[in-house]
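Asker: Chain A is already provided as a structure; the job is to place chains B and C with the ligands on it using the hints.
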Amino acid sequence: MSKYTIQGATGEWEVVIGLEVHAQVTSNAKLFSGASTAFGAEPNCNVSLVDAAMPGMLPVPNRECIRQAVRTGMAIKAQINKYSRFDRKNYFYADLPQGYQISQLYHPIVGEGQLVIDADEKAGIPEDKVIGIERIHVEQDAGKLMHDQHPTMSYVDLNRSGVALMEIVSRPDMTSPAEAGAYVRKLRSILRYVGSCDGNMEEGSMRADVNVSVRKVGDSELGTRTETKNVNSVRFVQQVVEYEARRQVDVLEDGGTVDQETRLFDPGTGTTRIMRSKEDAHDYRYFPDPDLLPLELEDDFLEECRASLPELPDAKRARYIDELGLTEYNARELTAEVETFARFENLLAATASGIGKPEKDVATQVANWALSVAPGIIKSLGEEANPAHATAEAQASILDMQAKGEISGGQAKEIFEIVLKTGREPEEIAEAEGLKQVSDTGAIEAAIDEILANNEDKVEQYKGGKDKLFGFFVGQTMKAMQGKANPAVVNQILKDKLG
Amino acid sequence: MSVDTKQVAKIASLARIAMSDAECEKMVPELNNILDWVEQLGEVDVTGVEPMTAVIPNTLRMRDDVVNADPKTGGDRREDVLANAPVAEHGFFGVPKVIE
Amino acid sequence: MTDLTQLGIKAIRDGVADGTFTAREVTEAFNAAVAAADPLNAFLVKTPERALEAADAVDARRAKGEDLGKMGGVPIGMKDLFCTQGVETTAASMILGGFTPTYESTVSQNLWDAGATMLGKLNMDQFAMGSSNETSAFGNVISPWRKSDGGNAALAPGGSSGGSSAAIAARLCPAATGTDTGGSIRQPAAFTGISGIKPTYGRCSRWGTIAFASSLDQAGPMARDVTDCAIMLGAMAGFDPKDATSLDLAVPDWEAALSDDLKGKRVGIPREYRMEGTDPQILESWEQGKAWLKDAGAEIVDISLPHTKYALPAYYIIAPAEASSNLARYDGVRYGLRELPEGAGLQDMYAATRAEGFGDEVKRRVMIGTYVLSAGFYDAYYTQAQKVRTLVARDFEQAWDKCDVILAPTCPTASFALGSLDDDPLTMYLNDVFAVPASLAGLPAMSVPCGLNGDGLPLGLQLVGKPFDEQGVLNAGLAIEKRAGFTAQPEKWWS
Ligand SMILES: [Mg+2]
Ligand SMILES: [Zn+2]
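Chains as they are written, first to last, in UniProt numbering: chain A, 1 to 499; chain B, 1 to 100; chain C, 1 to 495.
If we strip away everything but chain A, and leave its shape as in the complex, we get (with noise of 0.2 Å):
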């Protein structure tokens, strides 16, 4: 597929795209206070006489924060800043209490660092690409303003107020919307690996300013750009990115010029519009916050912050397809999520283990079946199915009865959904039920010896030649043993017979 651009009247234009994401750390207190980070607490109770900004309050910072952005930093290869500083931005607003935000311009606590976002032909990235961090620094949140609540007054509620976010600042290095969108969702896919940010993009946990500038395709200088704030959702990113650049475009075609503005994103119509709010607020007047002194990292904090990051998102993928010898498609899909690669990793060590061989002897047969059969089984029940049932354990040991040929795919499915129905222990079901496959030679070769007597012709025209025949003496034997029969003591036996 052919690079992104926006056909105009004058010529063909490219995007530019730049993200600002704030993602909210993941902790128990806020970054300066004591109070609680709880998601949906009633209104102003989870808020401090610190981060409602009483006189005399000051901030101390939360370790926990500290160490998570650090993680985070790590995980993209950035440089760590063991010096930093918090600065004060100042602007008044009535979701800001102090009337400035703590954050970190000067010296921020991580510095450059990069994500790979994935090929993804479909969408239009030809294959994988880097894409600049230009740094991560630690800040307060702000509180939220209620605007319908009453006729002539807007309700402020502090809760939010002082929660900490770690700002993850991109290069503007994406040039299509669908790159942008890749960027978000590996973004999210790091935090949720490292541990920290839930990702909880409809709870605000993670949420991007969208910095979107056009210019002629050819053209070295960057158009100027707006920032449209605050966009919760991959697609919404998407829409922000599309939606400027068609603006932009027609903005210049018409010979206007893009002002340097904050727009917000109105999900209903897919548009963006003037943020009137933030108009003037362009004079920050950044300085240190006095009431913090240098935050410096020792080298035993960094070394605990390294040795606790897991396995990420590209290293596992790697692994997956060089020591477990999956497919690239299934090592992808399996690493994507947090959810889906500790799914797969417990039920792989569970059925290994059962089975008595190394996990990338079942590797395969364990994705496939996590990735395709177990998932389409858990659909087509819908309600039905109590996914709380589908253990490790319960699964491995189907696993386990397929692998050693005590029962056959199809059997492995009934047994799953009756697992997933019930609860009931997949062995049990398969004594219980019937749900197992005839190993027992006597029985089977009884049949074989019957069939082959009844089919003298067919056995003859098989020695002759014909070695398409061995399927039909399969399925004949199959249908007699009302298909429990293990496939292959059938094949074994068969050859056997028919030399």
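No lab work stands behind these hints: they were computed from the structure.
Do not take every clue at face value.
When the alpha-carbon atoms are kept at most 20 Å apart in a straight line, the in silico EDC-like pairs for lysine to aspartate or glutamate are as follows [stated by the list, open to error]: (1) B:Lys6 <-> A:Asp283; (2) A:Lys82 <-> B:Glu50; (3) A:Lys144 <-> B:Glu89; (4) B:Lys72 <-> C:Glu104; (5) B:Lys97 <-> C:Asp348; (6) B:Lys97 <-> A:Asp148; (7) B:Lys26 <-> C:Asp360; (8) A:Lys144 <-> B:Glu79; (9) A:Lys89 <-> C:Asp379; (10) B:Lys26 <-> C:Asp379; (11) B:Lys97 <-> C:Glu342; (12) A:Lys144 <-> B:Asp76; (13) B:Lys72 <-> C:Glu339; (14) C:Lys309 <-> B:Glu43; (15) B:Lys10 <-> C:Asp348; (16) B:Lys10 <-> C:Asp360; (17) B:Lys26 <-> C:Glu361; (18) B:Lys6 <-> C:Asp260; (19) C:Lys309 <-> B:Glu79; (20) B:Lys10 <-> C:Glu361; (21) B:Lys10 <-> A:Asp283; (22) B:Lys26 <-> C:Asp423; (23) B:Lys97 <-> C:Glu339.
Answerer: Chains B and C with the ligands alone, transformed into the frame defined by chain A:
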């Protein structure tokens, strides 16, 4: 550097202090006197000098990630938080309606 | 019976402890003095019942034989910059009109825990911005001192802790809290013939104290003598995990280690403090101070603090810059004044509230601070000032190779008539020219009275010490106090 009435008005707006034209005008010489006087700092050779960050050698201490460990810096005290508010309704602070 | 209001902290504490008098008797005496001193306008809020209640609790503890604490039964005045739970706290500004904290500042809590009791909240320069107490929104504090020429001109008690200095000098309380950002304990102490110490930055927690300039603000005691300062500082100071700049150090027993024997100590005399425009009588008192310290066994050495001249202008960039941001929270949303003109939106409400609520000097400093931080000016002003601050601090560091403590005047003049510097902010700022360098460097510094000038007004001498060496400062102060024999008191004209 010195300021004129227009700049004083701009500073007053940034600082959110309502000022009439007359008040701005009156403040011009007051601010310029002070600014002229602090200008002498420009005489000081500060080559290679770092700006002051911590006046007494001390490093930034951090807090443990524990909710409400100290009631003085913890949450769950809505009444105290709202006690002095000019307008508080239904657990919220009230402000004139904002149009975003 | 003796006039209990003539007693200081140590005498009251010891007298209550040994049963010479009760805490209630002491409190009643001071409550009466406070009630009779309205012309001084030193108190913004009087809390006589609260003081009595606390005194009774001390007496009850004594009856049970319990420990009464470092300041058991001592009633004090509390500068209105300290948030006091249930007692209106305004920083002498209209913008905090009616604000009643639901919490207690660490410093005041430490004092109550040490057995002190509160007579009331003391007037001050609005948000601690001023050197004469004329910027209070609730009227000037009048110094109890008058010139000996027989005129009745009202004089400045100094500032910003002017309610504190006036109240102590007038024997309305034996001691009071002060805060010092650029001389606000030392200059009013000097103006009123009392002692006051600003400890090393970080000794006293800033939690619950209304901020002026965070990197400079330090609380400290103001009292009648050096011993009382040592006792009260011991009660106020201490590590506080709620203040990220608090020093995690044990509080020494300064009182126990007090000594005016300065043998082996070197006292530095900074040559740059000999400034033009300094009152000759102040220069004389400085010479006298040297002689006293020599007499106490110290060696006098000349030192140089070459960047002294630039300390004050640097201060008048750094302090307003921090203040402009610290005072942004006064917006009419969560506490204090709200001005909402007809049809006003949120931003109009802010501007109207702050226009109405802040006094002229506060506005001036917020404007300066906003300007020096604004786009295009930040480096020229703020960064340059912080570099100069580094040089000022370095001057002191180098001086400590040559001396253990520094002796200097506290201010360039004695108290002046209220209103005399109304139109002259810069001359007013010069009051703190000798005080500000130690503030910029975060060093412990104190003022002790050394005598009266020709007008019969008190003069003070300043001692500046190494970081954490409050003891060295207190001991040198004690050496001067013993030799100066300062006992003068203002004549009681106000009641
Ligand atoms: Mg942004
Ligand atoms: Zn941000």
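Asker: Each of the hints needs a verdict: does it hold here or not?
Answerer: Checked hints:
no.	hint	in the structure
1	B:Lys6 <-> A:Asp283	holds (16 Å)
2	A:Lys82 <-> B:Glu50	holds (18 Å)
3	A:Lys144 <-> B:Glu89	holds (15 Å)
4	B:Lys72 <-> C:Glu104	holds (9 Å)
5	B:Lys97 <-> C:Asp348	holds (12 Å)
6	B:Lys97 <-> A:Asp148	holds (9 Å)
7	B:Lys26 <-> C:Asp360	holds (11 Å)
8	A:Lys144 <-> B:Glu79	holds (18 Å)
9	A:Lys89 <-> C:Asp379	holds (16 Å)
10	B:Lys26 <-> C:Asp379	violated (27 Å)
11	B:Lys97 <-> C:Glu342	holds (13 Å)
12	A:Lys144 <-> B:Asp76	holds (17 Å)
13	B:Lys72 <-> C:Glu339	violated (30 Å)
14	C:Lys309 <-> B:Glu43	holds (11 Å)
15	B:Lys10 <-> C:Asp348	holds (15 Å)
16	B:Lys10 <-> C:Asp360	holds (18 Å)
17	B:Lys26 <-> C:Glu361	holds (13 Å)
18	B:Lys6 <-> C:Asp260	violated (58 Å)
19	C:Lys309 <-> B:Glu79	violated (50 Å)
20	B:Lys10 <-> C:Glu361	holds (19 Å)
21	B:Lys10 <-> A:Asp283	holds (11 Å)
22	B:Lys26 <-> C:Asp423	holds (12 Å)
23	B:Lys97 <-> C:Glu339	holds (15 Å)
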